[in-house]
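Chemist: Sequence:
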Amino acid sequence: MSLAIIEINDSGHCCGNEMGEIFISPGYAFLTNDGIETGDIALKKSFLSPQKSFNQFWRQLSLSPVSYPTNKVRHNADLAFQQLTDLYNQLNKPSEIIFAIPGSFDRQQLSIILGLAKALSFKVLGLVDSAVAAVSHFESKDKVSDTKHFVHLDIQLHQTVFTQLQKNQGIIKRTCVDIVTNLGITTFYDDWARHIADKFIKEYRFDPLHTAEGEQQLYNLLPKWLEKLNLSSETLAVLDSPQGTYQLAIHLDELLKESTKKINQLKKKFASTVKSGDILVASHRLLLLPGISEQLAKFHILKKDAAVFGSLENSQEIMQDQENMHLVISLNNLIPNTPETSNLTSMKLPTHILYRHEAIEIGNILYFDLQGDSLRFAQSQISKKSIFLVGNNLYINDEDRNKKEKVQLRLGEVITVGSESFQLIRVT
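Under this note's numbering, the first residue of the sequence shown carries the number 385, and numbering increases by one thereafter.
Some hints here could point you the wrong way.
Keeping only pairs whose Cα atoms sit at most 30 Å apart, straight-line, the calculated DSSO-like set for lysine-lysine is [to be verified]:
| hint | residue 1 | residue 2 |
| --- | --- | --- |
| 1 | Lys-583 | Lys-651 |
| 2 | Lys-652 | Lys-687 |
| 3 | Lys-436 | Lys-608 |
| 4 | Lys-768 | Lys-477 |
| 5 | Lys-687 | Lys-557 |
| 6 | Lys-583 | Lys-429 |
| 7 | Lys-436 | Lys-646 |
| 8 | Lys-651 | Lys-612 |
| 9 | Lys-768 | Lys-428 |
| 10 | Lys-557 | Lys-653 |
| 11 | Lys-651 | Lys-557 |
| 12 | Lys-429 | Lys-477 |
| 13 | Lys-608 | Lys-769 |
| 14 | Lys-429 | Lys-768 |
| 15 | Lys-653 | Lys-682 |
| 16 | Lys-428 | Lys-641 |
| 17 | Lys-557 | Lys-502 |
| 18 | Lys-769 | Lys-477 |
| 19 | Lys-608 | Lys-583 |
| 20 | Lys-428 | Lys-687 |
| 21 | Lys-646 | Lys-687 |
| 22 | Lys-612 | Lys-428 |
| 23 | Lys-768 | Lys-612 |
| 24 | Lys-612 | Lys-645 |
| 25 | Lys-428 | Lys-477 |
| 26 | Lys-646 | Lys-428 |
| 27 | Lys-507 | Lys-456 |
| 28 | Lys-768 | Lys-507 |
| 29 | Lys-608 | Lys-645 |
| 30 | Lys-682 | Lys-557 |
| 31 | Lys-687 | Lys-608 |
| 32 | Lys-651 | Lys-687 |
| 33 | Lys-682 | Lys-652 |
| 34 | Lys-645 | Lys-586 |
| 35 | Lys-659 | Lys-641 |
| 36 | Lys-608 | Lys-428 |
| 37 | Lys-436 | Lys-456 |
| 38 | Lys-641 | Lys-583 |
Everything labelled a hint here was simulated from the structure, so no lab data went into it.
Let the sequences and hints guide you as you build the complete structure.
Modeler: In structure tokens form, the structure reads like this:
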């Protein structure tokens, strides 16, 4: 039996399994002569033929007929089914799946998801609130109070979700969900794309939004520019045109100024949601919008696999009877706060790998690969080899050897790849 997690969020469905494999697929669909394409390939065509592109089918998930039905698409559920099919195949057809779902989904939409899953050949073990799963293993440094209150911020393509949670005596539960509608990734991207296009017009009399190809090029490159603006206040934007290559500087403060009204909307909701003493955590998706979370407050940014690993770690508790499936909105902490348990776990579990006299943190997952005559390690750049944490156990996965095999690791073990090797160590 193989278990996988699908975290539903149309700005990037995060999918993972017990082997430590993680991938992200945006909630886009594109109609072709042969069928429906979804994910990255659909996103990269979305501006070339807008009438064939869809990106609101998860937010508007229903069985109501679409405005212009075709023989392939009668309603949004058809598009969601195709993307679920693609995610299922990309996960290597697991026999069991847990869905981590944001609090913005209503009961009818949850029922539709279960119905779509039933049409595929896997068993749904359970449904869990994605914010609850993501925060379930978050360790706060605040030891003042036994009861802790969290506000989890996440963003989708077309809306933003604030989830309030309470953690007491090892139990974390969702207490409230607030949704800012019509304010998501695409809202900011559209503002910023227009601003950048205006700069190219002013500087070069070149409008990248004038043609479908130019618009697609700009939107394809925009996330890469924004990623750099997470590290610097400005970056260089380079676009190709029929007349040649143009480049200019993009400044973060200019983009934020362009979205002042939308940021003020978020500030208003933030002010009415957050109370003094709340611990602020945000999904990794906020990094897609540099500077936005900082306009509100200082957030702890969670790793991209937080909800996936939270679901894996709590899979036994999330598991439900097939006839009485409901959304789980509370979880127990896996590790009891007893000295015996915590000391035993910490003594055995490696935290770093030692390679060429350098200690590299493992975290939830560490990818590695042999490049030339040396090993390369990364927590975000996916490769076929990985070391990953599930519960209180550390595993290694090597797709080059056996895709379905995971091997448990122990402190002090030496891993050899080609002519190179590294050791599992603990750094305190």
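Chemist: Hint by hint, note whether the structure agrees.
Modeler: Consistency of the hints with the structure:
1. A distance of roughly 28 Å separates the Cα atoms of Lys-583 and Lys-651; the hinted pair therefore holds under the 30 Å criterion.
2. A distance of roughly 26 Å separates the Cα atoms of Lys-652 and Lys-687; the hinted pair therefore holds under the 30 Å criterion.
3. Distance check on the hinted pair: Lys-436 and Lys-608 sit about 25 Å apart at the alpha-carbon level, within 30 Å; holds.
4. Restraint check for Lys-768 and Lys-477: satisfied, since their Cα atoms lie roughly 18 Å apart, inside the 30 Å limit.
5. With a CA separation close to 20 Å, the supplied pair Lys-687 and Lys-557 stays within the 30 Å bound.
6. In summary, the hint linking Lys-583 to Lys-429 is supported, as the alpha carbons are separated by about 24 Å, within the 30 Å threshold.
7. Only pairs whose Cα atoms come within 30 Å are accepted, and Lys-436 paired with Lys-646 is accepted, the gap being roughly 28 Å.
8. Between Lys-651 and Lys-612 the CA atoms are separated by roughly 24 Å; this keeps the pair inside 30 Å, and the hint holds.
9. Using a Cα cut-off of 30 Å, the hinted pair Lys-768 and Lys-428 holds, with the two alpha carbons roughly 25 Å apart.
10. Our distance criterion of 30 Å between C-alpha atoms is met by Lys-557 and Lys-653, whose separation comes to about 21 Å.
11. The straight-line distance between the Cα atoms of Lys-651 and Lys-557 is roughly 25 Å, inside the 30 Å bound, and the hint therefore holds.
12. Between Lys-429 and Lys-477 the alpha-carbon distance is near 26 Å, which keeps this suggested pair within the 30 Å criterion.
13. In summary, the hint linking Lys-608 to Lys-769 is supported, as the alpha carbons are separated by about 25 Å, within the 30 Å threshold.
14. For the suggested pair Lys-429 and Lys-768, the alpha carbons sit about 28 Å apart, so the restraint of at most 30 Å is met.
15. Annotation: proposed proximity of Lys-653 to Lys-682 holds, straight-line Cα distance about 16 Å (limit 30 Å).
16. As the CA atoms of Lys-428 and Lys-641 are separated by approximately 27 Å, the hinted pair is consistent with the 30 Å bound.
17. For the given pair, Lys-557 sits about 28 Å from Lys-502 by alpha-carbon distance, which is consistent with the 30 Å threshold.
18. Note on Lys-769 and Lys-477: the hinted pairing holds, with a Cα-Cα distance of about 20 Å set against a maximum of 30 Å.
19. Proximity of Lys-608 to Lys-583 is assessed by CA-CA distance (about 18 Å); at most 30 Å being required, the pair is judged to hold.
20. At roughly 25 Å between alpha-carbon atoms, Lys-428 and Lys-687 fall within 30 Å of each other, so this suggested pair holds.
21. At most 30 Å may separate the alpha-carbon atoms for a hinted pair to count; Lys-646 and Lys-687 meet this at roughly 25 Å.
22. Our distance criterion of 30 Å between C-alpha atoms is met by Lys-612 and Lys-428, whose separation comes to about 20 Å.
23. Of the pairs offered as hints, the one joining Lys-768 and Lys-612 holds, with about 26 Å between alpha carbons and a cut-off of 30 Å not exceeded.
24. For a cut-off of 30 Å, the pair hint linking Lys-612 to Lys-645 stands: about 24 Å separates their Cα positions.
25. For the given pair, Lys-428 sits about 25 Å from Lys-477 by alpha-carbon distance, which is consistent with the 30 Å threshold.
26. Restraint check for Lys-646 and Lys-428: satisfied, since their Cα atoms lie roughly 26 Å apart, inside the 30 Å limit.
27. With a C-alpha separation of about 26 Å, the suggested pairing of Lys-507 with Lys-456 holds against the 30 Å cut-off.
28. Between the alpha carbons of Lys-768 and Lys-507 the distance comes to roughly 26 Å, so the proposed pair stays at or under 30 Å and holds.
29. With a C-alpha separation of about 24 Å, the suggested pair Lys-608 and Lys-645 falls inside the 30 Å cut-off, and the hint holds.
30. Under the criterion of a C-alpha separation no larger than 30 Å, the hint pairing Lys-682 with Lys-557 is consistent with the structure, at around 23 Å.
31. For the suggested pair Lys-687 and Lys-608, the alpha carbons sit about 19 Å apart, so the restraint of at most 30 Å is met.
32. At roughly 24 Å between alpha-carbon atoms, Lys-651 and Lys-687 fall within 30 Å of each other, so this suggested pair holds.
33. For a cut-off of 30 Å, the pair hint linking Lys-682 to Lys-652 stands: about 16 Å separates their Cα positions.
34. Simply put, Lys-645 and Lys-586 have alpha-carbon atoms about 24 Å apart, close enough for the 30 Å limit, and the pair holds.
35. Restraint check for Lys-659 and Lys-641: satisfied, since their Cα atoms lie roughly 27 Å apart, inside the 30 Å limit.
36. Taking the CA atoms of Lys-608 and Lys-428, the gap is near 14 Å; set against the 30 Å cutoff, the hint holds.
37. Between Lys-436 and Lys-456 the alpha-carbon distance is near 11 Å, which keeps this suggested pair within the 30 Å criterion.
38. The straight-line distance between the Cα atoms of Lys-641 and Lys-583 is roughly 14 Å, inside the 30 Å bound, and the hint therefore holds.
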